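If you follow the hints, you should be able to join the two separate chains into one complex; please do so.
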Amino acid sequence: MIRLEQVAKHYVLPPGSAAGGGLFHAVKPTSLTIAAGERFGLIGFSGAGKSTLLRLINLLERPSSGSVWLDNQALSADDPAALRAARRQLGMVFQHFNLLNNRTVAGNVALPLELAGVDQATVEARVTEVLAWVGLADKAQQYPARLSGGQKLRVAIARALAPRPKVLLCDEPTSALDPLTAGEVVDVLRRVNAELGVTLVLVSHSIPLVRALCTRAAVMDGGEVIEELRFDAGEVEPRTEIARRLLAASGVAHV
Amino acid sequence: MSDSWTIVVDILPELAVAAGQTGLMLAISLSAALLFGGPLGVLLFLSDAGQPLARRWLFVLLNTVVNTGRSFPFVILMVALVPFTRLVAGTTIGPVAAAVPLSVAAIPYFARLVEQSLREVPRGVVEAAQAMGATVSQIVFKVLLVEARAGLVLGFTVLAISLLSYSAVAGVVGGGGIGDLAIRYGYYRFQTEIMLVTVALLIALVQVIQFTGNRLARLLDHR
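In the order they appear, the protein sequences are chains A and B. Going by my numbering, the first sequence wraps up at 255, each residue one higher than the last. Going by my numbering, the second sequence wraps up at 478, each residue one higher than the last.
Just chain B, with the same shape it has in the complex (with noise of 0.2 Å):
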């Protein structure tokens, strides 16, 4: 008992760098997903037959790029993008490097939530806009989005818990992080503890962050 006390109690510093390794790939990826797969999912919605910006080529085009980023297991999807990394992170090694296949697995994931979201969106009151002379963009921004807010919420917690699964598979080659620190100690050094303290911190973590998304996401919504 208190030889398993000695082992956590020494492993926290190595936990609180590894928890902030965690949370710096978050970090990025999520930006990632926001930047770049939030107007995806806009535009990914609104080139579909029946809305505003219905073409089906653009349509065709973005649902097949969404789909195939999102097809790849994120163990190959982050071999597949070494050379990638190494050109955009300078290294393939450590936590910024991590974020870099972490935000590519982000981006169509987000953009096909934000989609879906937007679909929950009446049609009447999209057209109501058209009927008051709205253009696309004020449609978007002053009506779909806030109208489709609480669902976006909801799904962005959904897609930071995903991240966090899928940080704890980027350390294991080298990313760093809460998954590396259960994956070095835990399994190669069978220190079961460092296992459960690893697993302990995760758990808390996922349900800090639903927590933290259901309550925005019933704060902004007024239905």
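The shape of chain A in the complex, shown without the other chains (with noise of 0.2 Å):
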């Protein structure tokens, strides 16, 4: 489904910055599938290029070098009309979440389907659908200002599930939230995959929410995928040291 071959980030420093100008490698060169249906963890500390590699899968970061397939076709920003459609198969979930505060959160959610030419009787049908899908059915006429952090996210996934993407992109969704709602948004999640059948990319420095939600993760440091874990598969047993201090960061290091 997705497939990510070589591909690399990096920043051109200024001569006059802190580091002395040169190239700031954000992701070396990394190469990764992830199937159809899979529920995908990116993991690791602050800094190690995780958010970046996500959104290096929907090209709001260019490839430095490197291609990015979805589906056998490879998206390229020199074709904006195919990326444009191939984004619409790509649901993308944000840390803030980014809701459109002069929008209702139906008209939030409306919007993706607006800017994919979709007729207003569909629309509608669909954001009604979708937000009793996500429990917000009463909330349809609020603004995001009033709502809580929870709400919002579900107007998040709500907004990104509305044109029936094959992906969801989450980058941090749960960093906002206090523990007890971000275990309810865990199980929005887990039905996202199990009832819709869309494959997960979830970007987290939480272990117990990418344990919960994944059946694999690729554990990144410095920029690079440094080990993979998996979550489906009895013990968890880490290979590197970095992967042995995120699990003991969040409590977990012997379950």
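Quick caveat, the hints were computed from the structure, so don't treat them as lab data. The structure displayed is predicted, hence computed values, not measured ones.
Derived DMTMM-like pairs: lysine to aspartate or glutamate, alpha-carbon spacing no greater than 20 Å straight-line: (1) A:Lys139 with A:Glu124; (2) B:Lys397 with B:Glu375; (3) B:Lys397 with B:Glu382; (4) B:Lys397 with A:Glu114; (5) B:Lys397 with A:Glu124; (6) A:Lys166 with A:Glu129; (7) A:Lys28 with A:Glu228; (8) B:Lys397 with A:Asp119; (9) A:Lys28 with A:Glu227; (10) A:Lys166 with A:Glu195; (11) A:Lys139 with B:Asp476; (12) A:Lys166 with A:Glu114.
Below you can see the structure in the form of structure tokens.
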């Protein structure tokens, strides 16, 4: 479904900067394959490059080298129309939700459909359906500023799901939420995968979240994938120090 | 006291005409600002580094045009534009002619205000639209202008008040309007009453414009 081939991202540092110029390698050449229907995690400490790698999948970050494939089609910024079509298959949920404050909840969920040129009646029906599905039918006419963090996240999920994407990319979705609310969101995301068959790609530094949601995760450090963990095959036995520390930091090193 | 009263009453018909001229100057120049300054400001924003249409040469060009337009003191701009005004309006006297330099001043001014308002829209919101597959024009009309609308209204309010002040200057060189009246009677003929009445009227106008702008912005803002 999603295939990254030697994808890398670097930034050119200005000569006058603290690092004294040169290149900053946010993501070193990385290859990954994520199967249809999979629940895949990207974990690591802050600055490991996991968010950048996620954003490379829908080309919010342009790869410095390498290629991104979705269903055997290479994504390229050189073909804007094809990229826009591909992005409709790749829903995204952001850390800070990024809802439009001047649109109602229904207006936010309708936005991707409006952008795709879907007719008004179909938009309304779909918005009602998807809001009911995330349990926010009664909030349709509210503005985001009046919602709690958990509700905002569910609006963001509904908005991403409205155009029926094949993949949902989630960038630290629960980091702004309290643990109880985060737990509810885990249920919603699990249903996204189980009931709708949507492939999940989840970036998080929260091991409990990734364990609860994902079958497989790539551990990142210094812009590289250093280890792959499986959560569906009994005990997790980390090989690298970073993975051990990540598991220890969340208090489940010996589970 | 009764003399002052007579002076004020006698001037009222002329004051009404002057207010109409000021209104006409503002209507023309504000329309020009919306029509040309708005798109210019949007393009200025979009062409900056990191924005959807990032093009260094275009940004430098537009930025220079806007800065140059805003560099002229209005009096100088008005005089410098006399040949252009004659070409466009057919005359250099009257409110329509005065609206030409007012518009030329208003366009880059509003462009800058629009650019600033668009910068207030969180980057992540634009990214979210891009991730949904939005085109650049969809990002402008469905995201940027919607999210920035309260700031745009307030910017337009600032512009309207500045132009009201500029229009008084335009009056001095034959543009007419409230400022012209204040100069002719209040200053040249030492009729302080008329000066006071015109200043009071301008104060009231500024209050009304600002109040309306604030109210509208609050209605449109759901942050």
